[in-house]
Amino acid sequence: MLIRSIEQFLRQHDMPATKFGRMAAHDPRFVLDLRMGRIPRPHTEARIRRWMSEYRPRAQEIAHAH
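The sequence shown: position 22 = 22 (the working numbering), numbered continuously.
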């Protein structure tokens, strides 16, 4: 299920849901909508999963996490 993968990603990267939504889906409410039961289209889900697999935090985000 996509929302479980996203929730894990958010914890792993200490990223707010709205930031993820803006970066991955160009929609700050994306994760909130998924939490409320939104079901993404297969193409959207594939695009989000690809974005997560290719995500690399910038140096300043890594420094902030430590």
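Honestly, the hints are just simulated from the structure, not real lab data.
Hints are supplied without guarantee of correctness; some may be wrong.
In silico EDC-like links for lysine to aspartate or glutamate, alpha-carbon gap of 20 Å or less [claimed, not checked]:
no., residue 1, residue 2
1, K19, E54
2, K19, E7
3, K19, E45
4, K19, D33
DEER-style ranges, computed between Cβ atoms [said to hold, decoys possible]:
no., residue 1, residue 2, range
5, G37, R58, 31 to 39 Å
6, M36, R56, 23 to 31 Å
7, R29, S5, 12 to 20 Å
8, E7, R47, 28 to 36 Å
Quick caveat, the model's predicted, so the values are computed rather than measured.
Idealized CB from N, CA, C, for every residue including glycine.
Against the structure, the hints:
{"no.": "1", "hint": "K19 / E54", "verdict": "16 Å, holds"}
{"no.": "2", "hint": "K19 / E7", "verdict": "13 Å, holds"}
{"no.": "3", "hint": "K19 / E45", "verdict": "17 Å, holds"}
{"no.": "4", "hint": "K19 / D33", "verdict": "14 Å, holds"}
{"no.": "5", "hint": "G37 / R58: 31 to 39 Å", "verdict": "32 Å, holds"}
{"no.": "6", "hint": "M36 / R56: 23 to 31 Å", "verdict": "29 Å, holds"}
{"no.": "7", "hint": "R29 / S5: 12 to 20 Å", "verdict": "18 Å, holds"}
{"no.": "8", "hint": "E7 / R47: 28 to 36 Å", "verdict": "18 Å, violated"}
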